[in-house]
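Quick note, the sequences are listed as chains A and B, same order.
Residue numbers are given in my numbering: position 110 of the first sequence equals residue 116, and the series is strictly consecutive.
Residue numbers are given in my numbering: position 176 of the second sequence equals residue 419, and the series is strictly consecutive.
Calculated directly from the structure, the hints in this document are not laboratory data.
Nothing here was measured: the structure is a model prediction, and the numbers come from that model.
Keep in mind that a hint or two might mislead.
[To be verified] Distance windows between CB atoms, simulated:
| id | chain 1 | residue 1 | chain 2 | residue 2 | range |
| --- | --- | --- | --- | --- | --- |
| 1 | A | D149 | B | P459 | 38 to 44 Å |
| 2 | B | H450 | A | V23 | 50 to 56 Å |
| 3 | B | L314 | A | P29 | 56 to 62 Å |
| 4 | B | V393 | A | R25 | 23 to 29 Å |
| 5 | A | V23 | B | I371 | 53 to 59 Å |
| 6 | A | L246 | B | A377 | 52 to 58 Å |
| 7 | B | G396 | A | L246 | 31 to 37 Å |
| 8 | A | P30 | B | R292 | 40 to 46 Å |
| 9 | B | H428 | A | R211 | 42 to 48 Å |
| 10 | A | P29 | B | R292 | 39 to 45 Å |
| 11 | B | D484 | A | P30 | 36 to 42 Å |
Backbone N, C-alpha and C define an ideal beta-carbon position, used for all residues, glycine too.
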Amino acid sequence: MKKSNHQGSVLKDHKQVGRKLIPPMMQLPNMKETSFRDDTLPCLVWMSAIFLRSDDRKAVHFLTEFLMKCKDILDDEKMPPLAFLNNFNKLKKEDKDKIIKELNDDPMLVFLRDNLEHQHHLLDGYPLSFLFEDYPYGVDKEDALNMLKEDVDALLDRYTSHSTKVQTTAMVSMAATGKLFFGPKIDIPDFNAIFTAPDSEESNRVASFVRCNLNAGTGFGSIEGGKNEWSDSFWKCVFLISECE
Amino acid sequence: MEDKKDPVSQLIEDYEDFLTSSFNELWSLVDIEYDKLEAYSVIGGMLSRQVTLSIQMVRSPNMLNGHSAPLFLRSMTDLHIALAWIMLDLEKRSTKYIMHGLGEEKLSIEHFKKGIEDDPDNPNNEQIEQLIEAKSAWINAQRRDLFVEVDLGNWSQLDSRKMSQEAGCESLYKYAYKPFSVAAHNMWPHISLYNCKTCTNPLHKYHLLPELLEVPPDFDYLYRSCKYVHKAYVLFIDKFDLEYKSLLPLEWWDEYFTEEEAGNDSDDETTKET
């Protein structure tokens with residue numbers, strides 16, 4: 007351990023600066039604090055809904071297929087990773103029209119609508135609202151609110167199995183759509199482990215690897231789940247549409 | 244037939260009786276030195292304060308809970324640290340303690356005077372003037388206020404941690420004074436637990452809401468208060484080599500509750516026999 011710069015018998019690894027004891031992690035240069043809950047969660051809440059109400063295989067399949075299809079339809083390398091919901095708000099109207107036109111009659115669209123209509127119903131400025139244009143849906147507001155609570159509740163703790171599945175799917179989809187590249191020297195874990203062997207060491211490695219990479223991305227700003235307008239408006243909206251309990 | 248008191252009422256009476264008699268016995272053993280009268284006034288007064296606080300606690304069982312008891316216990320631990328530190332250099336440190344107190348009152352008087360000057364029409368000014376007079380008389384009875392310094396720092400020039408280290412009671416500082424300070428100073432670790440509840444709506448990120456929480460009484464707080472009185476007694480016994488014969492507070496406590504348990508056991512046996 008690095009030699010302590012203070013006389014105390016505890017927290018020897020902390021550095022004393024004036025009257026403060028600074029923990030080792032906060033001594034790292036360029037360290038930036040990010041908030042998964044405040045900034046990233048609203049960007050991944052759509053995936054949370056899908057994983058909660060369909061089996062894992064189907065959820066992974068439709069989510070990655072949808073994102074890859076969007077990439078093919080838009081055919082623009084500069085497009086931000088759409089795994090993060092807020093990035094749909096960066097698309098132009100014609101881009102959204104193209105996506106909806108291509109997806110028409112695709113079971114994927116039915117699947118997405120079925121799983122996300124409660125979010126569309128409740129959330130102001132919902133980035134996937136374009137999927138519901140001219141789509142008649144019937145969802146009870148109370149039921150929708152309860153479902154949204156489940157979506158959020160399941161993701162508030164980013165260390166749970168559910169949250170890990172969501173975060174892993176987001177990261178894998180980024181890799182699959184060319185938004186994330188791993189250097190040849192990086193020892194990439196087997197992402198399937200979180201589904202096939204959730205209690206294994208490999209699964210723990212995946213979870214840690216994913217959180218770490220998402221954190222790094224978040225540090226670069228709104229594109230990868232950092233501070234963004236959608237997240238702010240999401241939390242404002244959900245606070246106002248429901249009471250304290 | 245004599246009414247049998249409930250156990251809590253009985254404890255209040257017995258504990259208060261014990262503290263009163265033991266305090267009187269202990270203080271009667273102290274030989275006051277004619278040339279150190281002020282020093283003995285200080286430590287005697289502090290001993291009385293410690294016992295008084297414990298009596299006040301036992302008289303108010305409703306406050307033996309996490310909301311209120313820490314306020315008393317923080318004061319008692321603070322007192323113990325100060326008393327133990329003064330005992331190490333009785334004359335010099337008790338003088339510091341007194342002089343600092345006089346200076347505090349002198350400053351307080353000046354604030355009151357300024358208040359009257361700034362607001363001459365305040366209907367409370369007459370009362371404030373009486374207060375100033377009483378405080379001035381209190382100071383001047385001890386030292387002419389012309390010669391009273393005002394020290395804006397800590398009376399001992401040390402913080403409580405350093406005082407406790409010097410007085411050999413750092414563990415009391417770490418494990419009692421500091422935790423009770425959290426409640427006494429209304430810090431977040433106390434407020435968040437004792438004055439808030441979690442909103443269970445996940446859409447509100449489980450924020451905390453103010454709540455008037457009832458917390459159950461816990462007689463452990465009284466036990467701790469008894470312990471601090473015990474420690475004060477031990478300071479006196481050790482410092483002045485007193486031949487104190489009665490039970491010390493913790494010995495009394497153990498005996499009281501051992502007897503009570505034994506009494507309950509024997510009641511059980513009687514019930515069985517009959």
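Quick rundown of the hints versus the structure:
Judged by the Cβ atoms, the range 38 to 44 Å given for A:D149 and B:P459 holds: they are separated by roughly 39 Å. Between B:H450 and A:V23 the CB atoms are about 31 Å apart, so this pair departs from the stated range of 50 to 56 Å. Checking the proposed 56 to 62 Å range against B:L314 and A:P29 shows it is violated: the Cβ atoms sit about 32 Å from each other. Taken as a hint, the range 23 to 29 Å holds for the pair B:V393 and A:R25, whose Cβ atoms sit roughly 26 Å apart.
Checking the proposed 53 to 59 Å range against A:V23 and B:I371 shows it is violated: the Cβ atoms sit about 45 Å from each other. Distance hint check: the CB atoms of A:L246 and B:A377 are about 56 Å apart, consistent with the given range 52 to 58 Å. The supplied range of 31 to 37 Å is broken by B:G396 and A:L246, whose beta-carbon atoms lie about 50 Å from each other. Between A:P30 and B:R292 the beta carbon distance is about 44 Å. The supplied range of 40 to 46 Å therefore holds.
Between B:H428 and A:R211 the C-beta distance comes to about 44 Å, which sits within the given range of 42 to 48 Å. Checked against the given bound of 39 to 45 Å, the beta carbons of A:P29 and B:R292, roughly 40 Å apart, stay inside it. Checking the proposed 36 to 42 Å range against B:D484 and A:P30 shows it is violated: the Cβ atoms sit about 51 Å from each other.
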